[in-house]
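Visitor: Top to bottom, those sequences are chains Y and F.
Under this note's numbering, the residue at position 235 of the first sequence is numbered 235, and the numbers go up by one with no gaps.
Under this note's numbering, the residue at position 22 of the second sequence is numbered 22, and the numbers go up by one with no gaps.
Since the hints were derived computationally from the structure, they do not count as laboratory data.
Among the clues, some could well be false.
[Said to hold, decoys possible] Taking lysine-lysine pairs in the BS3-like style, the calculated list, with each CA pair at most 30 Å apart, reads:
1. Y:Lys214 / F:Lys104
2. F:Lys214 / Y:Lys121
3. Y:Lys242 / F:Lys121
4. Y:Lys230 / F:Lys121
5. Y:Lys27 / F:Lys214
6. F:Lys27 / Y:Lys214
7. F:Lys214 / Y:Lys104
[What the hints assert, rightly or not] If the Cβ cut is set under 8 Å, some of the chain F residues that face chain Y in the computed set are:
8. Arg23
9. Val34
10. Val49
11. Pro50
12. Pro78
13. Gly205
14. Tyr207
15. Pro208
[What the hints assert, rightly or not] The following label-pair restraints were derived from C-beta to C-beta distances:
16. Y:Thr6 / F:Gly162: 23 to 33 Å
17. Y:Gly215 / F:Val179: 38 to 48 Å
18. F:Asn155 / Y:Val39: 30 to 40 Å
19. F:Arg98 / Y:Gly128: 48 to 58 Å
20. F:Asn212 / Y:His201: 45 to 55 Å
We put the beta carbon where it would ideally sit given N, CA and C, even for glycine.
Number of protein chains: 2
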Amino acid sequence: MEHTPTTVTACLIIIGNEILSGRTQDKNLAYLAVKLNEVGVQLREVRVVPDVESTIIETVNECRAKFNYIFTTGGIGPTHDDITTACIAKAFGVAVHRHPEAEKALRAYIPPERINEARLKMADVPVGSTLIANSVSAAPGYVIGNVHVMAGVPNIMQAMLGEILPTLRGGSTVESVSVTTDVLEGTLADGLTAIQNRYPHTDIGSYPNFVNGKGITTLVVRSADAAANKSAHDEILELIRKLAGNVIERP
Amino acid sequence: MEHTPTTVTACLIIIGNEILSGRTQDKNLAYLAVKLNEVGVQLREVRVVPDVESTIIETVNECRAKFNYIFTTGGIGPTHDDITTACIAKAFGVAVHRHPEAEKALRAYIPPERINEARLKMADVPVGSTLIANSVSAAPGYVIGNVHVMAGVPNIMQAMLGEILPTLRGGSTVESVSVTTDVLEGTLADGLTAIQNRYPHTDIGSYPNFVNGKGITTLVVRSADAAANKSAHDEILELIRKLAGNVIERP
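Starting from the given sequences, assemble the full structure and let the hints guide the process.
Guide: See the structure below:
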């Protein structure tokens, strides 16, 4: 599937020491993955990188050459540790300028007595960027080339992604169908391999877990072909029946 | 800090379509980050990659050359989509063999009537690997070179990491101290920059968030030098007082 013309790919770059230190749990990856798939864009890789200029620049340049779309989260606020914009500008070899529309949006949102240079820094974007509106707190994101720069705070990121989604040119949407069973992976394995071989254009995933100390397995069939997914899924249900297993609720 | 001899670095490679599709929320990153820091190893990058052989091999080879330690999660179960071991072996240019101790552990754990080839596949490791015991479900992880291969299921991953931690040679441990305030980032920014400049060997992070629609800011000082952290933290508390702000509980 990877190189068929209808597969449009994306990479998410999560910028921030707070994720790498374990202090903050990322909440953007899963949201982005689901929303992108709805418009036919497949999240194919995620990088979590620290607030280190050389790492951010290298990562952005490597990834923007490899994937159709890049999304970044984090590092576009008003404080000294917000270095994403400076890095993106360097990655593209352009200067940073204060965007008049962004400044206008910030001045309309921020009470006049709070306007200061730190807050106005949030109107600075790489030359050649197009703004992404921020309906939550005014400070915009932006697009440059195939790179979409968003805030890290989840509700702001979600608002920005809402602005971005209609602008993306997606390919096939991946449909999925899943079932959870009390049959263990190791018991299912041979039958599953046979089903996977009969449906080579679907991806069949097998995910073990524990519920109250008992092993369970969730089986997920994914592909752009809903009919093939359904057939493979029906065969999996039949396999579970043959193995005297039960379909159970996904925990 | 990045190249001082006492900084020992790590990279986590999360292998699995289920994370990239948004179906499953990763629960291993934050746990690993905190536990590694306790033994003086700093998590510096995370990659989330799909179950695609070429991507896994490239990622492992790129990262094992760049960081002191590599950890992988996912893809070492008994089903067709568990391709991590085959990929790690190819990345190191070695064959896969059935490890006698691993087979023994599996046969001791699995009821005889359930022993099958799929389950025994979990005893297959790259030649030259050292096993990592799995006290939860017997099927081991392994270490080859600087790469630690672990299960993706969180309680199994945690058990394996418990075996690994005493074997790591860590450097400095990063201490952190933090405070949350109702003063907004944009108001703190100038004072924070000055404090960061006075404590160049600490990393001062500023993390905005919303609680009941009101903006708050958490300020984190991190470095190996607890005394410097405390001084910088005291100056941050003084800055908050000067700005007539309140210290509040972290949500």
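Visitor: With reference to the structure, classify each hint as holding or not holding.
Guide: Verification of the supplied hints:
Simply put, Lys214 of chain Y and Lys104 of chain F have alpha-carbon atoms about 22 Å apart, close enough for the 30 Å limit, and the pair holds. A threshold of 30 Å between alpha carbons decides the hint, and for Lys214 of chain F with Lys121 of chain Y the separation of about 21 Å falls inside it, so the pair holds. The suggested pairing of Lys242 of chain Y with Lys121 of chain F holds, with an alpha-carbon distance near 23 Å, which does not exceed 30 Å. With a CA separation close to 29 Å, the supplied pair Lys230 of chain Y and Lys121 of chain F stays within the 30 Å bound.
Of the pairs offered as hints, the one joining Lys27 of chain Y and Lys214 of chain F holds, with about 19 Å between alpha carbons and a cut-off of 30 Å not exceeded. In summary, the hint linking Lys27 of chain F to Lys214 of chain Y is supported, as the alpha carbons are separated by about 19 Å, within the 30 Å threshold. Distance check on the hinted pair: Lys214 of chain F and Lys104 of chain Y sit about 22 Å apart at the alpha-carbon level, within 30 Å; holds. Hint on Arg23 of chain F holds. Least Cβ distance to chain Y is approximately 7 Å, under the 8 Å limit.
The restraint placing Val34 of chain F at the interface with chain Y holds, with a minimum CB-CB distance near 4 Å, inside the 8 Å limit. Using the Cβ-Cβ criterion of 8 Å, the hint placing Val49 of chain F at the interface with chain Y is satisfied: the shortest such distance is roughly 6 Å. A distance limit of 8 Å between C-beta atoms decides the matter here; for Pro50 of chain F the minimum to chain Y is near 6 Å, and the interface restraint holds. Annotation: Pro78 of chain F was flagged as interfacial toward chain Y, and the flag holds, the nearest CB pair being 4 Å apart, inside 8 Å.
The closest approach between the C-beta of Gly205 of chain F and any C-beta of chain Y is roughly 5 Å, which is under the 8 Å cut-off, so the hint is satisfied. Using the Cβ-Cβ criterion of 8 Å, the hint placing Tyr207 of chain F at the interface with chain Y is satisfied: the shortest such distance is roughly 6 Å. Given the 8 Å rule on beta carbons, the hint for Pro208 of chain F holds: about 6 Å separates it from the nearest Cβ of chain Y. Look at Thr6 of chain Y against Gly162 of chain F: about 45 Å separates their beta carbons, and that is not inside 23 to 33 Å.
Checked against the given bound of 38 to 48 Å, the beta carbons of Gly215 of chain Y and Val179 of chain F, roughly 44 Å apart, stay inside it. For the hinted restraint 30 to 40 Å between Asn155 of chain F and Val39 of chain Y, the CB-CB distance of approximately 36 Å keeps it satisfied. Range check, Arg98 of chain F to Gly128 of chain Y: about 56 Å between beta-carbon atoms, so the 48 to 58 Å window is met. Look at Asn212 of chain F against His201 of chain Y: about 48 Å separates their beta carbons, and that is inside 45 to 55 Å.
Hint 16 from the earlier list is the only one contradicted by this structure; the remaining hints agree with it.
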